[in-house]
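Protein chains: 2
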Amino acid sequence: MKFSPLFWPIQLRGNVIYILDETKLPQKLVYLKAKNYLDACRAIKEMKTRAVGQVLLVMYTFILSNRQHKNLAKVAQAINVTRPTLSFKFLTDMVLGWQKQGAPLEKSTLGFLEMLKGKRIEQAKETAKLLKNGDVILTHCNVSGLMPLIAEFAKEQGKKASFYVTETRPYLQGSRLTAWEIMRAGFDVTIITDNMVAYLLSLGKVTKIIVGADHLTQNGDIANKIGTYQIAVVAKYFKIPFYVLCPPASKLKSGKEIKIEIRPPDELKIYQGLHLAPKEVKAYYPAFDVTPAKLITKHIYLEV
Amino acid sequence: MKFSPLFWPIQLRGNVIYILDETKLPQKLVYLKAKNYLDACRAIKEMKTRAVGQVLLVMYTFILSNRQHKNLAKVAQAINVTRPTLSFKFLTDMVLGWQKQGAPLEKSTLGFLEMLKGKRIEQAKETAKLLKNGDVILTHCNVSGLMPLIAEFAKEQGKKASFYVTETRPYLQGSRLTAWEIMRAGFDVTIITDNMVAYLLSLGKVTKIIVGADHLTQNGDIANKIGTYQIAVVAKYFKIPFYVLCPPASKLKSGKEIKIEIRPPDELKIYQGLHLAPKEVKAYYPAFDVTPAKLITKHIYLEV
Chain U
2 MKFSPLFWPI
12 QLRGNVIYIL
22 DETKLPQKLV
32 YLKAKNYLDA
42 CRAIKEMKTR
52 AVGQVLLVMY
62 TFILSNRQHK
72 NLAKVAQAIN
82 VTRPTLSFKF
92 LTDMVLGWQK
102 QGAPLEKSTL
112 GFLEMLKGKR
122 IEQAKETAKL
132 LKNGDVILTH
142 CNVSGLMPLI
152 AEFAKEQGKK
162 ASFYVTETRP
172 YLQGSRLTAW
182 EIMRAGFDVT
192 IITDNMVAYL
202 LSLGKVTKII
212 VGADHLTQNG
222 DIANKIGTYQ
232 IAVVAKYFKI
242 PFYVLCPPAS
252 KLKSGKEIKI
262 EIRPPDELKI
272 YQGLHLAPKE
282 VKAYYPAFDV
292 TPAKLITKHI
302 YLEV
Chain H
2 MKFSPLFWPI
12 QLRGNVIYIL
22 DETKLPQKLV
32 YLKAKNYLDA
42 CRAIKEMKTR
52 AVGQVLLVMY
62 TFILSNRQHK
72 NLAKVAQAIN
82 VTRPTLSFKF
92 LTDMVLGWQK
102 QGAPLEKSTL
112 GFLEMLKGKR
122 IEQAKETAKL
132 LKNGDVILTH
142 CNVSGLMPLI
152 AEFAKEQGKK
162 ASFYVTETRP
172 YLQGSRLTAW
182 EIMRAGFDVT
192 IITDNMVAYL
202 LSLGKVTKII
212 VGADHLTQNG
222 DIANKIGTYQ
232 IAVVAKYFKI
242 PFYVLCPPAS
252 KLKSGKEIKI
262 EIRPPDELKI
272 YQGLHLAPKE
282 VKAYYPAFDV
292 TPAKLITKHI
302 YLEV
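Residue numbers (the numbering used here), protein chains in the order written: chain U, 2 to 305; chain H, 2 to 305.
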């Protein structure tokens, strides 16, 4: 089984954490170095890594901080304020719990990550089982290496899958990451802009929609990259199944309790130094939206 | 009444047609020169001008070609193959009709344009009457100077309107043209990316949606910039009124008969020389989509 670099984008070597800089892809496959928890928190805030990359970064940061004899409660606090919509509390509470119980922190963390890897592979395999030969899958943003893995498993199961990917403005994770990793793995993929979904679905070109989620609440609502909600609404209208690859559920009761992160307008108006809009104009950039459970055909859980 | 440069973006001075180069906005307000019908057709193909600008360019091209003693049937033919989804046939047939009838071509054309200007102003005024004080309007792409004009008329009528504009990938007409002209006219405007519409509507931030149309068929279906259909689907879901500023209807019975123009993938993958996606990846770029009449709350007709 081949893995996308995005499947496990963070590595700990010696006392340095290597972070795949997702903002440089697909032009450059480069890794940033984090030497302490402050470097790590900055990388999360600046979206150098996302999704599973952030989970890995949090966990490796605890290993590193433990070796550096830092106050882990303080490290946890710094991590938990990096991004409003994302819930790292499950992770930080788990680590502080191990510490309280006197569990060997490094081994417990590495064991957890090993388990996470296995569960993610399992999640991809289970998703592949839901596919039919010839399925055309639309996805949004990036699910950290799971899409090519799903295609690989489907292939093993004798089924061919092809993909459409929304480019996912403003950061273009769809074009830069997902299309790149699917193409790299040798599967068929076509990019569309975010406003083409309804037209594409009206043509009958898509058989299933599969997206990831950054947050799952107790009632099945999910928060994911801005634009996910819109795709779910459109999927409902055209009666296309809408599947969500979920992380473990948080303690929040419903999506209404999720705080949406509003990012700086310039991240929408400027792309790699190029101005895309008048300089003085206002822009609104909510980084996530909440898709209610009623629009989700099937949750594909990651049991940890 | 002040007009946006986009309200009448084409001028004929002497024997040169000046075309506002919409691809250079908002950074530069510059005009291209067309000295014959071949220059004009190239500008249409390359989307240097759009919507009403194309209508004006077609009409001024006939005046110029007539002065240059060109075969007007040949000019009509060249114009009609520039862009598959757009119907210039109404215009070219009208001009060839005048010629056949022996009507003075230049005066007939200028008379038509004068009438068009009056009807467009009327259309903006009628639209303003539909607004309530405090309305928040979401629009997509660019309706050639009508949005600021609607806001001006609403103001005259004692009503305040503010705007959200989708950036409208891949050409960003929303950010570059609509947001620019609304801001320039002194009204409140905020840009969002194309994937934020559902989330914005779910927050109750929009009271009306108003878009233009490049093509209106006999049954009320419209073709407009890609993404319009998706907004209409989402508007229906959230029960937000969806108004369309229409051009005169074509002879086509329904939207099913409209041929959708597919443009080169690189226009989606590259923006002003900047690569937004892996070089080798496939991309799909339908320039328009068709919104069925049943999703349109109200057609605002331009009677000519």
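It is possible that some hints are incorrect.
Put simply, identical chains are the same to the list, so a pair is met inside one copy or across any two.
[Stated by the list, open to error] List of simulated lysine-lysine pairs, DSS-like, C-alpha gap at most 25 Å:
| id | residue 1 | residue 2 |
| --- | --- | --- |
| 1 | 254 | 283 |
| 2 | 283 | 206 |
| 3 | 257 | 237 |
| 4 | 29 | 280 |
| 5 | 75 | 237 |
| 6 | 206 | 237 |
| 7 | 237 | 299 |
| 8 | 3 | 29 |
| 9 | 3 | 75 |
| 10 | 283 | 75 |
| 11 | 71 | 240 |
| 12 | 237 | 71 |
| 13 | 260 | 126 |
| 14 | 133 | 283 |
| 15 | 161 | 283 |
Just so you know, these hints were derived from the structure itself, not from any lab.
Status of the hints after comparison with the structure:
1. 254 with 283: neither (34 Å within a copy, 41 Å between copies)
2. 283 with 206: between (36 Å within a copy, 15 Å between copies)
3. 257 with 237: both (21 Å within a copy, 22 Å between copies)
4. 29 with 280: between (28 Å within a copy, 13 Å between copies)
5. 75 with 237: neither (44 Å within a copy, 48 Å between copies)
6. 206 with 237: This pair counts as both: shortest intra-copy Cα distance 15 Å, inter-copy 22 Å.
7. 237 with 299: both (13 Å within a copy, 24 Å between copies)
8. 3 with 29: within (20 Å within a copy, 48 Å between copies)
9. 3 with 75: neither (38 Å within a copy, 59 Å between copies)
10. 283 with 75: neither (36 Å within a copy, 47 Å between copies)
11. 71 with 240: Cα proximity of residue 71 and residue 240: none, with 52 Å in one copy and 53 Å across.
12. 237 with 71: neither (49 Å within a copy, 54 Å between copies)
13. 260 with 126: The answer is neither: 32 Å in one copy and 41 Å across copies each exceed 25 Å.
14. 133 with 283: Classified as between; 23 Å across copies, 45 Å inside a copy.
15. 161 with 283: between (45 Å within a copy, 18 Å between copies)
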